[in-house]
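Asker: Residue 94 in the UniProt record's numbering sits at position 94 of the sequence shown, with consecutive numbering throughout.
One or more of the hints may lead you astray.
Quick list of simulated restraints, FRET-style, between CB atoms [what the hints assert, rightly or not]:
#: 1; residue 1: Ser-93; residue 2: Glu-22; range: 12 to 22 Å
#: 2; residue 1: Ser-207; residue 2: Asn-167; range: 16 to 26 Å
#: 3; residue 1: Pro-91; residue 2: Ala-59; range: 19 to 29 Å
#: 4; residue 1: Ile-83; residue 2: Ser-25; range: 15 to 25 Å
#: 5; residue 1: Gly-26; residue 2: Ile-219; range: 34 to 44 Å
#: 6; residue 1: Gln-67; residue 2: Ile-219; range: 16 to 26 Å
#: 7; residue 1: Ser-160; residue 2: Ile-219; range: 18 to 28 Å
#: 8; residue 1: Lys-175; residue 2: Leu-142; range: 36 to 46 Å
#: 9; residue 1: Gly-45; residue 2: Val-145; range: 30 to 40 Å
#: 10; residue 1: Asp-42; residue 2: Pro-125; range: 29 to 39 Å
Since the hints were derived computationally from the structure, they do not count as laboratory data. Here the structure is a predicted model, which means the values were calculated and not measured. The C-beta atom is built at its ideal place from N, Cα and C for all residues, glycine as well.
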Amino acid sequence: MTDEAFAQADPEWLALISSAREWLSGPVGQFLLEEERRMLEDELGRFFGGYLVHYGPSAQTPPSAPQVQRNVRLGAPLPGVEIVCEEQAWPLSEHAADVVVMQHGLDFCLSPHGLLREAASSVRPGGHLVIIGINPWSSWGLRHVFASDALRQARCISASRVGDWLNLLGFALEKRRFGCYRPPLASPKWQARLAGWERKAGDWQLSGGGFYLLVARKIAVGLRPVRQARREPMGKLIPLPMAKVNRRHIEP
Numbered sequence: 001m002t003d004e005a006f007a008q009a010d011p012e013w014l015a016l017i018s019s020a021r022e023w024l025s026g027p028v029g030q031f032l033l034e035e036e037r038r039m040l041e042d043e044l045g046r047f048f049g050g051y052l053v054h055y056g057p058s059a060q061t062p063p064s065a066p067q068v069q070r071n072v073r074l075g076a077p078l079p080g081v082e083i084v085c086e087e088q089a090w091p092l093s094e095h096a097a098d099v100v101v102m103q104h105g106l107d108f109c110l111s112p113h114g115l116l117r118e119a120a121s122s123v124r125p126g127g128h129l130v131i132i133g134i135n136p137w138s139s140w141g142l143r144h145v146f147a148s149d150a151l152r153q154a155r156c157i158s159a160s161r162v163g164d165w166l167n168l169l170g171f172a173l174e175k176r177r178f179g180c181y182r183p184p185l186a187s188p189k190w191q192a193r194l195a196g197w198e199r200k201a202g203d204w205q206l207s208g209g210g211f212y213l214l215v216a217r218k219i220a221v222g223l224r225p226v227r228q229a230r231r232e233p234m235g236k237l238i239p240l241p242m243a244k245v246n247r248r249h250i251e252p
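Can you build the whole structure from these sequences, using the hints too?
Answerer: In C-alpha cells form, the structure reads like this:
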C-alpha cells in the first residue's frame, strides 16, 4: 500500500517532504524539535474533543493531547503516517477535527495557501488550529538564507502573515508564542553555554525566537437572522375636525 502511494504521489512534493524529514532528523533539526515539543505539550494539554490531526514532515512521534480521544498523523506516505494523502487533498470531511496541528507544514509545502485552506476546512467551528513555523526574523531564518541543506527550501513565512491568512479564513488568533532563541548550532557545548539566555528570552517572549507557535480558534457560525417581512406603507389617518354644538340652537 505504501509503495503504491509513493508511486501516485507528486514527485516534487514527495522529494521536498523527504528532504525536510532528513534535515529534521539531524542534530540541528532534533534540537529544534525538542524545543518545540515542550511548548506544544503545554498547549495541547488544554484541548479536548474527539479528534486531533497532526500534519508535518518530521519522523519524530509528535506529542498528543491527553484529553482528545484520538490523535492521528496525516501526510506523505512515509513511516509513522497513519492517513496518507497529498497536501491539498486531505481525506477528511469538513469540520471533522477538534484540533489540527501543522508542525512545519507551511515551511515545507508547494502551496501554503492551499494547504492552509485544507487544514482550516477540517477544523470544526469552535475548534483550534495550531501552527508551528520557522521564524524568518531570527538566527534560524538567517541560516535558511545561507543554508546548503534542506533548510534552504523552507519558506519561513512570518507569524504575522500567517495570522493575516487565518483571519481571512475565519479564525481568531488566541495566542502567539516564540521559542528556541539559541542559534542553530550542532555543538552541544555551545548549546549548554547559551541555555541561560534561552530561559531569559523565553520568559520575556522576545520576537526573535527560532520558531513561532500560533493558536487560532475557528469562529463558530452564528444563527442566521430571520428577515422581517416587509410592511407595505399604509395611508395616514388624518384627524377630522369635530363638529361644534351651538348651545343657542338647543331647545330647552
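Asker: Now, for every hint given, state plainly whether the structure supports it.
Answerer: Taking the hints in turn, this is what the structure says about them:
Look at Ser-93 against Glu-22: about 33 Å separates their beta carbons, and that is not inside 12 to 22 Å. A hinted range of 16 to 26 Å for the beta carbons of Ser-207 and Asn-167 is consistent with their spacing of about 19 Å. For the hinted restraint 19 to 29 Å between Pro-91 and Ala-59, the CB-CB distance of approximately 22 Å keeps it satisfied. A hinted range of 15 to 25 Å for the beta carbons of Ile-83 and Ser-25 is consistent with their spacing of about 21 Å.
The beta-carbon spacing between Gly-26 and Ile-219, approximately 39 Å, falls within the hinted interval of 34 to 44 Å. Between Gln-67 and Ile-219 the beta carbon distance is about 22 Å. The supplied range of 16 to 26 Å therefore holds. For Ser-160 paired with Ile-219, a C-beta distance near 19 Å keeps the hint of 18 to 28 Å intact. Distance hint for Lys-175 and Leu-142: a CB-CB separation of about 25 Å, inconsistent with the stated range 36 to 46 Å.
For Gly-45 and Val-145, the hinted distance range of 30 to 40 Å is satisfied, since their beta carbons lie about 35 Å from each other. Hint check: Asp-42 to Pro-125, Cβ distance near 25 Å, so the stated range 29 to 39 Å is violated.
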